[in-house]
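Protein chains in written order, with the working numbering: chain A, 1 to 159; chain B, 1 to 910.
Misleading hints may appear alongside valid ones.
[Unchecked claim] Subject to a maximum C-alpha distance of 25 Å in a straight line, what follows is the list of computed PhoX-like cross-link-like pairs (lysine-lysine):
(1) B:392 / B:459
(2) B:459 / B:47
(3) B:613 / A:50
(4) B:353 / B:47
(5) B:820 / B:353
(6) B:47 / B:349
(7) A:50 / B:480
(8) A:50 / B:579
(9) B:480 / B:349
What the hints contain is simulated information worked out from the structure, not anything from laboratory work.
Given the structure is predicted, the values throughout are model-derived calculations rather than measurements.
Spelled out from the first residue to the last, the chains are:
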Amino acid sequence: MQAANGNAVPTDTTDYVTVFVGETMFGLTIDRVHDVFVPAGITPVPLAPKEIVGLLNLRGRVVTALCLRRRLGIPGREAGAAEMAIGLEQAGETFALIVDGVGEVLKLGADTQEPVPINLDARWRDISLGVHRLDGRLLVILDVDALLAFGDARESKVA
Amino acid sequence: MDDLLREFLVESAEHLDTVDAELVRFEQDPNNQQILRNIFRLVHTIKGTCGFLGLPRLEALAHAAETLMGRFRDGYPVSGASVTLILATLDRLKAILADLEATGSEPAGADADLIGALEQMASVEAPAAAAPPPLPELPPIVERELKPGEVSLEDLERAFMEAPGPDELPAAPVLEAPKPALDPVLEAAEPAFESAPEPAAPAPERPAAAAPAEGGEGPIAKVQTIRVNVDTIEHLMTMVSELVLTRNQLLEIARRHEDSGYKVPLQRLSHVTAELQEGVMKTRMQPIGNAWQKLPRVVRDLSAELGKGIDLVMSGAETELDRQVLDVIKDPLTHMVRNSADHGIEATKDRLKAGKPARGSIRLSAYHEGGTITIEIADDGKGLDLAAIRKKAVERNLAPAADVERMTDAQVAKFIFHAGFSTAKAVTSVSGRGVGMDVVKTNIETIGGVVDIATELGKGTTFTIKIPLTLAIVSALIVKAGEQRYAVPQIAVLELVRVDPKGENKSANSIERIHGAPVLRLRERLLPIVTLDGLMRGQATVEEGEIVESGFVVVAQVGRQRFGVLVDEVFHTEEIVVKPMSSKLRHIPLFAGNTILGDGAVVLIVDPNGVAKLVGQSAQSGAATETEVEETEAGDAKATLLVFKGGAGGFKAVPLSLVTRLEEIDASKIEHLGGRPLIQYRGRLMPLVPADPSIEIRSEGNQALVVFSDGDRAMGLVVDEIVDIVEERLDIEISADRSDLIGSAVLRGRATDIINIAHFLPLAYDDWARGPRKTVVKAPSLLLVDDSAFFRDMLTPVLKAAGYGVTTASSADEAMSLLKGNAGIDFVVSDLDMPGRSGFDLVAAMRKSGGRLAEMPVVALTGTVAADAIEQARRLAISDLVAKFDRSGLLAALAEIGEAAEPADARAAA
Numbered sequence: 001m002q003a004a005n006g007n008a009v010p011t012d013t014t015d016y017v018t019v020f021v022g023e024t025m026f027g028l029t030i031d032r033v034h035d036v037f038v039p040a041g042i043t044p045v046p047l048a049p050k051e052i053v054g055l056l057n058l059r060g061r062v063v064t065a066l067c068l069r070r071r072l073g074i075p076g077r078e079a080g081a082a083e084m085a086i087g088l089e090q091a092g093e094t095f096a097l098i099v100d101g102v103g104e105v106l107k108l109g110a111d112t113q114e115p116v117p118i119n120l121d122a123r124w125r126d127i128s129l130g131v132h133r134l135d136g137r138l139l140v141i142l143d144v145d146a147l148l149a150f151g152d153a154r155e156s157k158v159a
Numbered sequence: 001m002d003d004l005l006r007e008f009l010v011e012s013a014e015h016l017d018t019v020d021a022e023l024v025r026f027e028q029d030p031n032n033q034q035i036l037r038n039i040f041r042l043v044h045t046i047k048g049t050c051g052f053l054g055l056p057r058l059e060a061l062a063h064a065a066e067t068l069m070g071r072f073r074d075g076y077p078v079s080g081a082s083v084t085l086i087l088a089t090l091d092r093l094k095a096i097l098a099d100l101e102a103t104g105s106e107p108a109g110a111d112a113d114l115i116g117a118l119e120q121m122a123s124v125e126a127p128a129a130a131a132p133p134p135l136p137e138l139p140p141i142v143e144r145e146l147k148p149g150e151v152s153l154e155d156l157e158r159a160f161m162e163a164p165g166p167d168e169l170p171a172a173p174v175l176e177a178p179k180p181a182l183d184p185v186l187e188a189a190e191p192a193f194e195s196a197p198e199p200a201a202p203a204p205e206r207p208a209a210a211a212p213a214e215g216g217e218g219p220i221a222k223v224q225t226i227r228v229n230v231d232t233i234e235h236l237m238t239m240v241s242e243l244v245l246t247r248n249q250l251l252e253i254a255r256r257h258e259d260s261g262y263k264v265p266l267q268r269l270s271h272v273t274a275e276l277q278e279g280v281m282k283t284r285m286q287p288i289g290n291a292w293q294k295l296p297r298v299v300r301d302l303s304a305e306l307g308k309g310i311d312l313v314m315s316g317a318e319t320e321l322d323r324q325v326l327d328v329i330k331d332p333l334t335h336m337v338r339n340s341a342d343h344g345i346e347a348t349k350d351r352l353k354a355g356k357p358a359r360g361s362i363r364l365s366a367y368h369e370g371g372t373i374t375i376e377i378a379d380d381g382k383g384l385d386l387a388a389i390r391k392k393a394v395e396r397n398l399a400p401a402a403d404v405e406r407m408t409d410a411q412v413a414k415f416i417f418h419a420g421f422s423t424a425k426a427v428t429s430v431s432g433r434g435v436g437m438d439v440v441k442t443n444i445e446t447i448g449g450v451v452d453i454a455t456e457l458g459k460g461t462t463f464t465i466k467i468p469l470t471l472a473i474v475s476a477l478i479v480k481a482g483e484q485r486y487a488v489p490q491i492a493v494l495e496l497v498r499v500d501p502k503g504e505n506k507s508a509n510s511i512e513r514i515h516g517a518p519v520l521r522l523r524e525r526l527l528p529i530v531t532l533d534g535l536m537r538g539q540a541t542v543e544e545g546e547i548v549e550s551g552f553v554v555v556a557q558v559g560r561q562r563f564g565v566l567v568d569e570v571f572h573t574e575e576i577v578v579k580p581m582s583s584k585l586r587h588i589p590l591f592a593g594n595t596i597l598g599d600g601a602v603v604l605i606v607d608p609n610g611v612a613k614l615v616g617q618s619a620q621s622g623a624a625t626e627t628e629v630e631e632t633e634a635g636d637a638k639a640t641l642l643v644f645k646g647g648a649g650g651f652k653a654v655p656l657s658l659v660t661r662l663e664e665i666d667a668s669k670i671e672h673l674g675g676r677p678l679i680q681y682r683g684r685l686m687p688l689v690p691a692d693p694s695i696e697i698r699s700e701g702n703q704a705l706v707v708f709s710d711g712d713r714a715m716g717l718v719v720d721e722i723v724d725i726v727e728e729r730l731d732i733e734i735s736a737d738r739s740d741l742i743g744s745a746v747l748r749g750r751a752t753d754i755i756n757i758a759h760f761l762p763l764a765y766d767d768w769a770r771g772p773r774k775t776v777v778k779a780p781s782l783l784l785v786d787d788s789a790f791f792r793d794m795l796t797p798v799l800k801a802a803g804y805g806v807t808t809a810s811s812a813d814e815a816m817s818l819l820k821g822n823a824g825i826d827f828v829v830s831d832l833d834m835p836g837r838s839g840f841d842l843v844a845a846m847r848k849s850g851g852r853l854a855e856m857p858v859v860a861l862t863g864t865v866a867a868d869a870i871e872q873a874r875r876l877a878i879s880d881l882v883a884k885f886d887r888s889g890l891l892a893a894l895a896e897i898g899e900a901a902e903p904a905d906a907r908a909a910a
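Just chain B, with the same shape it has in the complex:
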């Protein structure tokens, strides 16, 4: 096969996949010229190339499909039947391409069936679909195939019946589907046609004003790309990993020789390596949308097959992750979406009976969160029947009845991940055979991911998948147990707790025993403890007297199971390159791989999933139930706060969710650049900012830092001492005048200042303002829209402290669906600069949707205030533009809206 043909195959396959997805979108939004142009262009490209390469069969099919789409482009309305027909054609094209790939030549066969149907459709489509609307809408009669009156219903029917479609299977139902839809339409069309030969205005173009917004929805503008063999990238990645290891080793050596002349070039090497590593990682990154591309089509076909209306809403498709990870989750995702469509969404009549919209919806969203990606698959269907699952679990002997009774809903829901577990009353061709969910879970776990289920009977089910961004390099905690060091992936580590034997220090945490089983009291809960050393000797339980009672407990969470692993010492965290275990050792569940540390030693990487399994076996119900309770209660408005001492001995606190890491650094490592304190942190410079003006940054000894990060940036907040982590209801009592404080609250009986991180970030980076969106609020309730979880977390307490109820959304799409579904929102505070649809797009969509949303006040957050932005904000009746870090400005703007809320046109004033 020559290169030209090979390239054609690759490109065409991609094009066809895109067309698949775009067509489904187009069907829902038939007036979107942008999408249509795109589809048309792709099909045209395929046709053109086929002609060039001498592939008549493909060319003829593509031509027929193009002709029909040409009709749409000329303004003829789009029907489901025609889209189905085109999709069937695409399937045929793919089948031919597959043969072509296998044999190198176009397979023999005729496509007269499909081509005939397409041509019929092309000629009849216009009158047929145009008939129902008022007669004057009738499009002009165009020259070619259009032969009014000559196409009889019988002909059309026959064309459909004779069209077997590709390989029987998908085609049969798909091709039959249009029949009922067409019959009445056609009947109506014929008289309509005879009586209205007068050409009228072609189907309306969309108003020009809408064009920019549509552009934003369309595919991302073409960037210059080249195709690189995956092996080449993999090889490059391996080499970079080795380079990272070597760099680490050099750094380790340099640390031992303080004043060596290597220091400066080594620094340079270190930075270049970090950048190189990042660059190579980036080449491996692909948008998760690649894994979703087929889903709209899958859902559309399922929707037809099952006879339910299902909408698939996708957001965050641009979220990037490693292609290796992408490959692994592709199939599980498809399976879960199919599952939601089949089992999750009820039949239309049941939905109507339950008072729900007739069309079900499946929301698929992805976003970054720390070093992981969270993917959610949410349906608004009937939810899991937990009672049935409980019953089935007992029947199948998965757990004793008494245990099942005591389990929380979340735990019960997890039974669906057991092999062969299905409560479906009917097995459909789609799912219900109980095969699959266990495979889904296994697949996700092999890449260090976790799946959680939240379900509510009658409301729907949400699956949350958390997976690491990449498998190649992970951040790990280096610990020591017995005589050996191990690496524990950070992703599973919740916190570290120091434990000491009882008595020595009354405030210290200590391990207690119940019938020999070690447990730790951690914030009013019992945490089951295993020792890493014990696990390594093949025993998950700890014998009395054997346990070292002092050390550190690494609190880990896997899925909903939470447990503590006792280690002797904790060293530091390190970015490690994961190397696979030898084939001789792969069967040991405790290890996920191994790596070489900076000092050249090989250490084993502990697999938290494997540990969790062992803990589960030995500490069964105790561990599991305990954790579930904690999970469910965490939902109450309790906030987890990090308490530290900073400035004049006072206690201060910050929400733990904002904190990336706690560090103790050697104060001598602090450098001053341009009068600003900085430290080298993970190969980058991190600015340090004191938590209070009275704190002096130490010049010797250890300095405690609270590290905040958002994307690439990190800031170290200098504090005197880290005191505790408390979980309490956050009740801010005094709203402080100082911009560095949100207010004060009583935590554990001590008056504690809650610091306002928003104040500190600009001190570290002048331009750290690219993230937040907020919602404008009347006193009661506002919707905060921002793509950065960090800024959402940061602004939420500020707004809550000012007395607003806060709902958050991470994208314009999410915001719109929240706004449509929730009448209780009074204002929107939105970031203007968001990836995908911007804040302006959101406001434009609100204004267009009319009713309440058209009038709703909006405060926009922006990093820069440009004249055209102000102009556009005025046009969209945005109440106020506030700079991102202007907390008081935001609150003032909100207060103003609150006061002005009575005169309905108040927003226009701004």
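Extracted from the complex, chain A is given alone in its bound form:
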């Protein structure tokens, strides 16, 4: 959590990988992102928490795929719509975050950062570190550790 918080209040600038879900643009600090790939051959896991889409083979590693839409509680994408995956690591395990698309890497300074608006949906507030005001749109910064804290791992969630 140290790292993520440190990045959220940067003295200088921070690089963010931007991803899209529906109309919203999210940012993930680049040092948490290990991979960007097209997910294929996902094996669903029966009886799994709803956020988990399944397991997939990423170059010989078994990776747990979770859907950012389901995590945020917004409806699933249409069948056949494009999907991308972000490889994340936490405590030695690899996860794949399934999103609609991946955008460019942005270098942002603290000057554009705002705290999370208090009227935001609680589910969103819990996994956001802040919001950046960009030209014409907003970028919600995701807290990777909070994002991965669901199901049985809720205790590891950081406020």
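Assemble chain B onto chain A, guided by the hints.
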């Protein structure tokens, strides 16, 4: 802490553990110079190293212990008191070592108490222990500490009383114990000493002839080893697992491109990978004896604490298993042995009242069986009080009274695995608080193992634990349910049954329903059915109409619960690398892990234990009781036979227990090398042998195979068609003249030839003869001794067909205890080449034990007949040496013994 010291700590800890175990052995066998030399050497090493590293406290203690042991070595008799004292010293040494490890320096403190006691003992031991035997036995008075008459009883007593031992706890009882034993001995010793100062012959050395046999018992000769960090091996293992996966993927690709130039190098890669995998697995393997090392000491201490005589007999300590598995079972095993010692074995007076030997015994044995290891913990104690357990189970509301009434004994016994379940009338410091057995079961189940209990009131209890050899790679059946594939570990799979909707095919098995609950008739029993697809959707029951009525039922067994899992399709078996579930998914009981298949897809590994639990919840009593009945009845002499068609349309059968697997292979994959048909099977070449000369190995289409394997080797028996599995009383009617048949029997109303696998194995491998031991038999009853379960299974029907009653033993030790306990055995048929104690050792032990066993005829089975073996066989009065696959030779030898049985010296003739 410097490296030298660290290394010293590791080594010393190992040495002390070994000394612990060896001392207990030594106490029971005080004349064994081999063990003593070993103990002496180890303690001496510790002492020497301590001196070198400047650890005066350890050195002084080790020196005192060494001095006392030096006395034993000089031939002074060994008493329980002295061993107890040395064990207490070892505990102190360990405590100091632990401090040393924690702080890096020797803790302050004095050991004058123990050293004093040791020195006293060393000086007084000789006269004390030598007194009871005839006076001339008195050993010579030696120079140093020995001061006859100067040691008063008071001094000695005080020395004992003052010795607190390490950390109060174990020492108090241990140190007090020798007191009563010593008093009378000492009193007797003093006058004896005064009146017999004349030195006599030192305690007798063992006769030279016995030396080789002892050598065999001693520790295995030192091999060259290096220490490797566990992490390094784990990492290597992970990498090899990845390599296996990649290899599988490559093979899958190559399969799709028949004539690619990759084929040959890929083959090579495949073999190298298989060997590498095996090699790395081997480095992870450790003998199970490592987990047992502390047990002799535990039992000895318990024995003293509880005031019962208990012997611990261990066999199969060299059986190897993965260190990860070893770590998990270490504690459960210790707990179960403690439990047996405390609850299982009765107090000495009760034993005598029941007409049993005063000393109870706990037998711990381990052996390989297929891909699993079986560990048995058997005591000859009072057995479980099933009535009390039933009562308690009802009291504690574990099951309704009516159900408990109907349950079989084996099921009832399992209640002891419930948390907090104890029927012990008294809670002792050892056990009886009902904590533990549930933990034991949980621990064993987490590694995919199962525990079973067999108990007989008044006779004893046997716990049987079956665990997989390794957790990293398992053989699994790949099945499909719904749209997904799953891997089912082979260990839980008993058989596969194809089911079709009723009507289409009258002979097909079909699923029936009782109030909606699906069941399958399987060999006159009802098997509860769940669908894998249904389980995956979170429902253990199957709704009418929803079930696909055709597919395969995977018959699985977990513990004593047997059930069928309906799947849509069964693909093949595959060696899979088990990868742990993600932490987010670990709570789902249905899965044991996941893996990547050859085609790159991730599949989930079904956990049979988890399925069994769900089945148990929904199909409760039906499933459970049904299975129990089957289990208990299986004991009757019924044999399960695999029936197949082979040669001229005739039916043939082979005991199913011998069969490793049934396969249908693509006939085009059969290759011919040197004129012999072979097939690549699981990364190795497997020879194929037709079950009948008239069978032609197909060149296209599918070819049915019955695979037999023993250790690394496998043979495929080519058959026309696999027909059925039948369970019937094996009544062989005609003993055939043909060596490939044992005889004929009527199975399901059809005359069926029972084939003799012994005939086929040498056809596949000329030297497949390293396993079997047999017992020699007079017509009635013989004991067959062989370390290979495969050969035991193979020879048993042969011998039974020839009219002998057959008892089997898997080791020389087991054979000896059987022979001593069973007067009904007339001959012994024994393999000569067994790990541990060989067949010759067994016969030597029989001859030495005198009486009936000294005269008992023995037929030895051997792979090679060497001149010195013949010579040794003659010396041991072995009736006959028979080559392992010479079935008629064996029967002829047995018949000869039968005829010659009247003249008692007949065996000498051979």
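Evaluation of the provided hints:
1. Simply put, residue 392 (chain B) and residue 459 (chain B) have alpha-carbon atoms about 22 Å apart, close enough for the 25 Å limit, and the pair holds.
2. Between residue 459 (chain B) and residue 47 (chain B) the alpha-carbon distance is near 46 Å, which puts this suggested pair outside the 25 Å criterion.
3. The hinted pair formed by residue 613 (chain B) and residue 50 (chain A) meets the criterion: a straight-line CA distance of about 23 Å does not exceed 25 Å.
4. Taking the CA atoms of residue 353 (chain B) and residue 47 (chain B), the gap is about 48 Å. The hint is violated against a cut of 25 Å.
5. The suggested pairing of residue 820 (chain B) with residue 353 (chain B) holds, with an alpha-carbon distance near 22 Å, which does not exceed 25 Å.
6. Pair hint residue 47 (chain B) plus residue 349 (chain B) does not hold up; C-alpha atoms about 43 Å apart against a cutoff of 25 Å.
7. Restraint check for residue 50 (chain A) and residue 480 (chain B): the C-alpha separation of about 23 Å stays at or below 25 Å, so the hint holds.
8. Pair hint residue 50 (chain A) plus residue 579 (chain B) holds up; C-alpha atoms about 22 Å apart against a cutoff of 25 Å.
9. Restraint check for residue 480 (chain B) and residue 349 (chain B): the C-alpha separation of about 60 Å exceeds 25 Å, so the hint is violated.
Taken one by one, the earlier hints fail for this structure at numbers 2, 4, 6, 9, listed in ascending order.
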